[in-house]
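Protein chains in written order, with my numbering: chain X, 1 to 348; chain R, 1 to 347; chain A, 1 to 479.
Don't read these hints as lab results, they were simulated from the structure.
Predicted model only: the values in this text are computed from it and were never measured.
C-beta atoms are modelled at their ideal positions from N, C-alpha and C, and glycine is treated no differently.
Incorrect hints may appear among the rest.
What the hints assert, rightly or not - Using C-beta positions, here's what the derived DEER-type ranges look like:
{"#": "1", "chain 1": "A", "residue 1": "302", "chain 2": "X", "residue 2": "203", "range": "52 to 60 Å"}
{"#": "2", "chain 1": "A", "residue 1": "76", "chain 2": "X", "residue 2": "193", "range": "47 to 55 Å"}
{"#": "3", "chain 1": "A", "residue 1": "302", "chain 2": "X", "residue 2": "335", "range": "25 to 33 Å"}
{"#": "4", "chain 1": "X", "residue 1": "335", "chain 2": "A", "residue 2": "457", "range": "40 to 48 Å"}
{"#": "5", "chain 1": "X", "residue 1": "202", "chain 2": "A", "residue 2": "185", "range": "30 to 38 Å"}
{"#": "6", "chain 1": "R", "residue 1": "303", "chain 2": "A", "residue 2": "303", "range": "35 to 43 Å"}
{"#": "7", "chain 1": "A", "residue 1": "67", "chain 2": "X", "residue 2": "256", "range": "46 to 54 Å"}
{"#": "8", "chain 1": "A", "residue 1": "8", "chain 2": "R", "residue 2": "54", "range": "28 to 36 Å"}
{"#": "9", "chain 1": "R", "residue 1": "71", "chain 2": "A", "residue 2": "457", "range": "52 to 60 Å"}
{"#": "10", "chain 1": "R", "residue 1": "31", "chain 2": "A", "residue 2": "126", "range": "26 to 34 Å"}
{"#": "11", "chain 1": "A", "residue 1": "8", "chain 2": "X", "residue 2": "309", "range": "54 to 62 Å"}
{"#": "12", "chain 1": "R", "residue 1": "186", "chain 2": "A", "residue 2": "126", "range": "28 to 36 Å"}
{"#": "13", "chain 1": "A", "residue 1": "264", "chain 2": "X", "residue 2": "147", "range": "57 to 65 Å"}
{"#": "14", "chain 1": "X", "residue 1": "309", "chain 2": "A", "residue 2": "253", "range": "51 to 59 Å"}
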Amino acid sequence: MPKPGSSVVVSGVLVLLVAALSVVPPSSSDLDNGKQQLVVYCAHDATHAESVIRRFETQTGILVDVRFDEEANKSLGLTNLLIAEKEKPRCDVFWNNQTLGTIRLMAEDVLQPYISINADRIPDNFRNEAGYWTGFAARLRVYIVNTDNMSATVNDVAAVLDDGSLRRVAIAQPLFGTTLSHYSVLMDQWGMERLKQWQSSIHERGIREVRGNSMTKDLVAEGVCDIGFTDTDDAFAAIDADKPVDMLPVRLESGRTICLPNSVALIKNCPHPAAAKKFIDFLLSAESELQMANSPSRQIPLGPVDELQLSPALLQLQKWAADGVSLEGAASVNRQVLDWLTTEYTGR
Amino acid sequence: MYCRRRLETSAGDKPSVTDMLWELNQVVLVGDSDNRIDGVSLTIAGGVTAVMGYSGAGKTSLLNLLAGMETPSSGVISTPLEGDETGPGKSFSLPLYWVPQDGGLWPQLTVRRHLEVVSAAKLRDPAVLNEESQEMADKLLAQFDLTHRQQAVPARLSKGEQSRLSVARALAANPTVLLMDEPLAHVDSVRRPKYWNVIREHLGLTGASLVFSTHEPEVVISEAGSAVCLNEGQVLYTGLVTDLYDDPPDLQTAGFLGPANWFAADELPTWLPRYPIQENAVCLRPESLEVRADENGVIEILSFRFSGSYAETGLKHLSSSKEIKIVHRPAGKVHHAGQRVSLGNLS
Amino acid sequence: MTLETALGWSIGRSMLVTTAALPLSILVWRLISASKQFRRIHRLVTLAALMPLFVPDLVTGFTYRMTSARLIHSEVATEVLYAALLLFRIFALQVAVRIILPSSSVSAEALYSWKLVKDDSTGWWLSWLRLHVLGPLRTPLVAWIGGALFCFQEFETAALLQIDRHPITWSVWLFDAHAAGEPLAHSLLFTSEAMVFQVVLLLPIILLLPRRGPQTSTGTRLDSASRLSPAVLAVAVCSLFAVLGVFIIWPLWANGLEALSGLRALADQGNLTSRFQQITYSILAATVASVAALQLAIGVRALGRPWLTMLAVVPGLCGSLVISLTLLAVFQVPLLNAVYDSWLPMVVASILLMLPRALLLVVLLEVLSPRTSIHSAGLLRAAGGAAAVHGRNLIWQLDRIRWLIASAVLAHWCLWDVAVASTLRPVRFEPIVVRLYNEMHYGRTETLVAITLLALVIPLGLICIAAVVWKRLPEINHP
């Protein structure tokens with residue numbers, strides 16, 4: 001048995017050793033070789049984003065350290081982390097998988113404007129005029145439907161959603177993720193009172209609320225529920241797994257769809273601004289949008305790309321995305337929605 | 001001070017392996033509230049040494065320090081005990097082995113395996129057990145009445161069996177010095193002398209030294225040559241057992257080796273008029289004092305309590321009205337209150 | 001739903017589940033006791049009983065998450081499923097407590113002696129109660145409290161199983177509140193409400209923990225349970241099979257086949273080496289944290305002050321989420337910011353999280369490895385020849401292997417804790433558990449299972465290597 005007297009010393013030495021080792025960058029040999037570095041916070045699906053980042057590293061020789069938005073750590077989220085770190089940021093570029101959180105960062109004074117050379121590819125309604133953020137490669141909010149249990153038609157889905165029990169309909173908890181964006185869009189369209197009525201109505205009718213879009217997809221794919229509110233990438237995951245599912249775009253009363261682009265932004269006072277700008281240019285290029293479109297998550301290109309390289313499914317998605325509602329209004333009410341939902345879900 | 005020597009035999013007078021086993025210099029061992037060992041300076045020589053003291057006096061702490069299980073908070077312990085005389089082909093197998101108070105047995109080993117493992121010192125290959133080891137194990141199992149329990153693990157043994165196994169293991173280890181913390185404490189008093197005989201025989205055969213702690217004066221007197229008396233972590237006495245028995249420095253120290261009568265120099269003429277005049281107090285053990293019936297005696301018995309090996313008697317000196325309580329061997333005669341007696345010295 | 005409601009559910013559940021688990025654990029403990037004479041069976045039974053403590057939450061949550069999803073139409077069923085999974089873990093924990101705690105110092109004779117002086121005064125009854133709490137009730141009480149605490153703190157399985165806000169737990173409530181943007185100060189305030197319950201439960205445990213001191217080397221742990229009635233035997237064996245079924249056999253059956261194709265997929269994607277590297281670094285960080293936590297626990301035990309023990313365990317009781325968020329804020333302070341993007345915050349958080357468990361392990365080792373027995377073996381090393389070899393082997397069995405296992409167990413828990421890893425990891429390093437949660441989120445079951453397998457097998461291999469190396473190292477701790 002180790003001697004008790006020395007135990008505190010041993011543990012102290014261990015911790016200091018870790019500290020000493022860890023402040024030395026692990027890739028110091030690469031840095032010695034004159035390679036540039038870049039730190040990216042990425043909320044996009046890690047496996048799909050990794051291949052895009054690898055391509056960037058190969059093309060530019062810049063080493064990218066990535067921190068993904070872990071499913072396990074939604075409690076912190078990259079946006080919260082960036083706010084926490086804003087006095088001394090370690091991140092250069094924020095690659096968000098949607099837009100509203102990025103807009104919130106703009107309000108928190110975390111971002112620095114940068115208008116990329118590729119920004120003009122992107123339609124105006126998907127980017128900030130001053131260059132604080134730029135959208136690209138989008139997803140859509142969709143209904144995922146179990147085709148063994150019902151037909152995936154607009155009328156059938158509407159019949160279920162408009163009246164009667166929702167005990168076989170699933171939705172993710174709206175406190176985070178794209179469901180929060182969905183609620184923000186609804187708030188923008190309807191106003192708070194109607195949103196509250198709707199929320200209360202779907203709960204009274206027994207809608208099933210789960211912890212994420214992934215679980216929503218699973219419930220429908222397994223036939224436990226018939227319809228689920230989710231995103232295109234989750235729906236494609238079920239389709240690729242040969243599950244009996246199909247999808248329809250969520251349409252607002254105006255007929256608009258909810259198109260949620262990825263967004264990229266430069267961090268204020270970031271340590272590697274030059275490399276960061278190169279990366280933003282790279283992400284906003286047609287090649288990157290095409291690569292993400294052809295990945296299993298089927299991100300919809302927002303700018304012009306070679307359509308011959310897109311699958312029929314993606315061309316369909318592109319058409320739906322063209323009907324996308326403007327997100328500016330949703331962004332402005334996002335905080336208000338979150339405050340209300342916090343009260344609703346935590347009693348605070 | 002003068003005291004009659006009554007001890008005639010002691011197994012502790014064996015030839016010592018080395019003159020000095022340990023030398024402690026201002027050793028302190030800090031405890032939770034008080035020092036368990038408090039500035040002890042001491043030399044322990046070869047032979048058989050008993051460490052005595054009342055419960056909590058620091059006996060176990062001292063033995064733990066000697067065994068190296070604990071290290072002093074301050075002070076120095078030096079010892080010449082090294083492996084020079086030990087190992088394969090040497091007379092001893094180990095410089096030191098011990099019997100801790102709780103046995104220190106190995107939960108996963110059987111009784112027999114305990115003995116085989118420690119007796120393997122003379123073997124070069126741990127996978128092979130030679131006849132000598134087996135024989136030694138058999139012999140010790142028999143000597144300590146453990147043969148029928150040889151396949152049991154310690155948790156299946158009684159406390160007494162655990163005590164015996166711990167001692168047997170120490171003997172099987174064949175060390176230069178044996179340290180035993182209250183050995184055989186849980187063993188019945190009837191068989192205890194038998195196991196002490198085994199220990200004594202081992203010491204005689206091998207010439208090993210023994211340092212042991214105990215509460216039992218009889219064991220100290222019969223087994224040890226030297227004694228260390230502790231009280232509250234400090235040394236009260238260190239020296240020969242015979243000196244401690246016959247010529248203790250004070251009544252408290254005398255008590256470590258059993259009951260004693262303590263006469264101040266000015267009281268001696270009152271109680272023992274024929275005893276030579278002394279400058280200092282005199283200690284007389286029970287066997288040195290005789291209470292004789294004497295119709296003309298000037299002492300009267302106030303109380304009498306016989307307890308087997310000695311009696312405790314309350315006396316009154318009639319002319320001076322002084323009272324005293326003494327311990328003595330009644331030599332088969334029954335005394336009673338009111339009886340006139342006189343005191344005599346048997347030495 | 002308010003925090004108070006969530007707390008009510010959590011407290012109620014923890015009381016019910018730990019109470020239900022207690023008789024089961026007692027029966028299984030009796031089976032373990034009775035099997036002592038057959039060493040191999042004894043080891044197997046003990047291992048089976050303790051197994052749920054070592055199955056990562058991720059594996060359990062992932063395996064039963066679709067089960068929970070299929071129960072979506074019954075909230076009661078979801079609650080029952082969660083409670084059942086907890087029950088098996090708590091039962092394992094309670095068995096561990098019985099192994100850890102030494103025999104009571106209050107004997108049956110002591111209780112009877114007190115009964116003989118009965119005088120019906122309040123003082124007599126209070127002492128009677130106290131003697132029982134320190135005596136025959138001590139182990140069940142500590143086991144019950146330990147179970148309640150474990151159940152109360154659980155987060156990851158609840159989060160993975162949660163459908164329609166069921167199972168309702170305060171830990172998931174806190175997670176959601178923070179995710180919704182509650183500031184750290186509020187989260188800490190919420191945690192303090194939960195802490196009240198935990199501290200109330202914890203105080204008796206700290207007072208009932210055995211004081212550090214000389215332990216008997218042979219113990220009196222062979223309880224009177226050497227003969228079991230057939231009914232007791234049947235219930236105990238069935239419980240063990242249920243545990244094995246729920247935590248090992250079914251997860252293996254449900255996911256095992258996918259492991260091979262997952263490994264092939266990893267190799268095809270060229271990710272095998274990077275996952276190996278990730279696992280190795282994660283193990284390294286977990287090992288440093290666990291060894292440091294163990295060393296600190298030894299120090300805390302050696303000092304033996306109840307207030308210090310309390311101080312050491314309180315951060316761990318706040319749970320990994322609160323520890324992570326607090327340290328994140330602490331390492332933003334300019335003085336510490338230089339080491340913010342390093343392994344240090346993650347390792348410190350893991351140490352704090354593991355300290356309560358490390359303390360329990362240290363107590364266990366004190367009980368299982370009496371110092372006198374170890375020293376008795378240590379003395380043989382001076383003998384040379386075969387006895388020295390035996391001495392080294394004995395020290396290995398009594399001491400080193402146990403510390404190695406304790407470190408490995410703690411490192412295992414560190415390795416699989418996702419909240420600390422995902423919140424405090426340096427940007428250049430993705431802990432393997434974080435990767436696994438992402439794989440699960442994106443539905444890549446094959447690679448998830450394959451990486452999980454690697455993350456379980458590689459540490460085992462490293463433990464074996466460490467064991468071989470450590471066994472050959474010379475002694476430095478024994479004089």
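These are the hints, each one checked on the structure:
1. Take residue 302 (chain A) and residue 203 (chain X): their Cβ atoms lie about 56 Å apart, and the range 52 to 60 Å holds.
2. Taking 47 to 55 Å as the suggested C-beta distance range, the pair residue 76 (chain A) and residue 193 (chain X) does not conform, at roughly 34 Å.
3. Separation of residue 302 (chain A) from residue 335 (chain X) is about 52 Å and departs from the stated range, judged on CB atoms against 25 to 33 Å.
4. At about 47 Å, the CB distance of residue 335 (chain X) to residue 457 (chain A) agrees with the hint of 40 to 48 Å.
5. Look at residue 202 (chain X) against residue 185 (chain A): about 34 Å separates their beta carbons, and that is inside 30 to 38 Å.
6. Under the hint 35 to 43 Å, the C-beta atoms of residue 303 (chain R) and residue 303 (chain A), about 54 Å apart, miss the expected range.
7. Checked against the given bound of 46 to 54 Å, the beta carbons of residue 67 (chain A) and residue 256 (chain X), roughly 39 Å apart, lie outside it.
8. For residue 8 (chain A) and residue 54 (chain R), the hinted distance range of 28 to 36 Å is not satisfied, since their beta carbons lie about 57 Å from each other.
9. For the pair residue 71 (chain R) and residue 457 (chain A), the beta carbons lie near 42 Å from each other, so the given range of 52 to 60 Å is not met.
10. Under the hint 26 to 34 Å, the C-beta atoms of residue 31 (chain R) and residue 126 (chain A), about 31 Å apart, fit the expected range.
11. Checking the proposed 54 to 62 Å range against residue 8 (chain A) and residue 309 (chain X) shows it holds: the Cβ atoms sit about 57 Å from each other.
12. Restraint check, residue 186 (chain R) to residue 126 (chain A): a C-beta distance of roughly 34 Å satisfies the suggested window 28 to 36 Å.
13. A beta carbon spacing of about 31 Å between residue 264 (chain A) and residue 147 (chain X) contradicts the range 57 to 65 Å that was offered as a hint.
14. Between residue 309 (chain X) and residue 253 (chain A) the C-beta distance comes to about 43 Å, which lies outside the given range of 51 to 59 Å.
Of the numbered hints given earlier, the model fails hints 2, 3, 6, 7, 8, 9, 13, 14; all others are met.
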